[in-house]
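*Asks:* Spelled out from the first residue to the last, the chains are:
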Amino acid sequence: MAERRVVVTGLGVLAPNGHGLDAFEHALRAGQSGIRFVPELAELKFGCQVGGIPQGVEEIQGRYLSDEELYAMNPNMVYAAIAAIDAWTDSGLPRVAADAEPDWNTGAVLGTGIGGIDTIAEKLAPKTDAGKVARLGSTMVEQIMSSGNSARVAGLLGLGNQVTTNSSACNTGTEAVVDAFLRVREGRAERMLAGGSEGHSKYIWAGFDAMKVLNRTKNDAPAEASRPMSASAAGFIPGSGAGVLMLESLESARARGARIYAELLGGHVNCGGHRLGGSMTAPNPVSVQRCIRGAVAMAGIRPSEIDLINGHLTATFADPHEVENWRAALELTPETLPLIQSTKSLIGHALGAAGGIECVASVLQLGRGFAHGSINCEDLHPELAKYAARVLRETRDLPELRTVAKASFGFGDVNGCVIFRKWSE
Amino acid sequence: MSEQQVFEKVVSIIKPFAKAPEALAGAGMETSILKDLKVNSARLVDVVLEIEDAFEIEVKDEDADKVKTIGDAVKLILAAKA
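Protein chains in written order, with my numbering: chain Z, 35 to 459; chain G, 649 to 730.
Read the hints as simulated data drawn from the structure, not as lab findings. Each hint can be trusted.
Label pairs and their computed distance ranges (CB to CB):
1) G/Asn688 to Z/Gly126: 24 to 32 Å
2) G/Glu710 to Z/Gly189: 25 to 33 Å
3) G/Lys716 to Z/Tyr237: 34 to 42 Å
4) Z/Asp56 to G/Lys714: 51 to 59 Å
Calculated cross-link-like contacts (lysine to aspartate or glutamate; reagent style EDC-like; alpha-carbon spacing at most 16 Å):
5) G/Lys663 to Z/Glu102
6) G/Lys667 to Z/Asp101
7) G/Lys667 to Z/Glu102
8) Z/Lys166 to G/Glu706
Think of the CB as a built atom: it goes at the ideal place given N, C-alpha and C, for glycine as much as any other residue.
Whole structure, please, built from the sequences with the hints as guidance.
*Replies:* See below:
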């Protein structure tokens, strides 16, 4: 079968600094941080006591989910459901009736990094160890199975094509977009929801705190805590939420007259194999560059056509290396590198949701003609001095914004990169 | 506790799991929990746990398996409290 063009027809986002496209756009444009002090983390003596948590979810979820559905859902699943329903609605598709045939042509790849570990820690392990298995109730498996988020969304939306959850640490959401893209491109589905979700929990975040990879220096100034590309970056800030895109074949989108935000021109995923400088926790620079080049090659564009890079850029020591890898992969000079931004400066690192939320941010910026500034890097890292003009620190209206490259790099030495282009006939 | 009080309490316990709110509104002792109220069969486990907590009783697995209607649950509770 001939390879088909794939476009983005819907977006859904639940981020620490905004739910829904309008609120998220406003927060991105205004440089509004979603990082807040989390008292529970202080009580538990975490080094990092701030985090990114979507606000007002208790009120929002009642508009999306019944009591029976919510009864069996942890925050990871709730976040995935809200963003997926929003992406579906935004794409203009009608909801599949409860007693109708499933939509055989639509599926989902909705990833998560750590999934239901909060449910395991709060309920499954204590009750099981206390000999109270009979008191666990019926909802344990659906909440702790890795595919809990995508399975719930399948039921809510009546999805009949492939429905799965991928997991590749911080690359999860971006990998989901690439996997779903390839499935639509191959003609195995007309539409795929793609993205990722991650709950917020002391149990999800504790391991990162123990590794001392979280910033401990800004507990008294949460909005300043996430500092990608900054000289005073001292670790990432944990975040949570969900970001989901509706990927659709161009034929399907045209046939139903759907609004098209962008075309997904190409994508690539790979792994550094824990070789050549790569490890469980550090990216192999050769693999990072190969991943970026793979996406650009599939997109069939010249590197100089990229207007904006939405980086992985978490606020660890790796940020300068990442920027250098982008430059090397694109074979450009520091002066000609595309503009580069970090959405994590505003919302922290949403782990398995990061790639999903940041792909939504990328497409939203293309669709609405702007590029958001990265906050907290006024004191640019000295190794990035030569890139000073390319690091976007103030939001710009950019109606001419045409091509965005988005990459994620994750634990396990895994990489993902996608290239979006603003839609025009 | 009267049969009517137990009935009302059982209905309130089932309510969050029922996918047929109109059937719940007109429910009686003969109303089937799975067929009429469209409660997911897996959730019967949770209904029984809530009944155990609410009425401070223990329900044996074999007794729980026999609960098909609201009336079955009410009778089970009244017998356990007698």
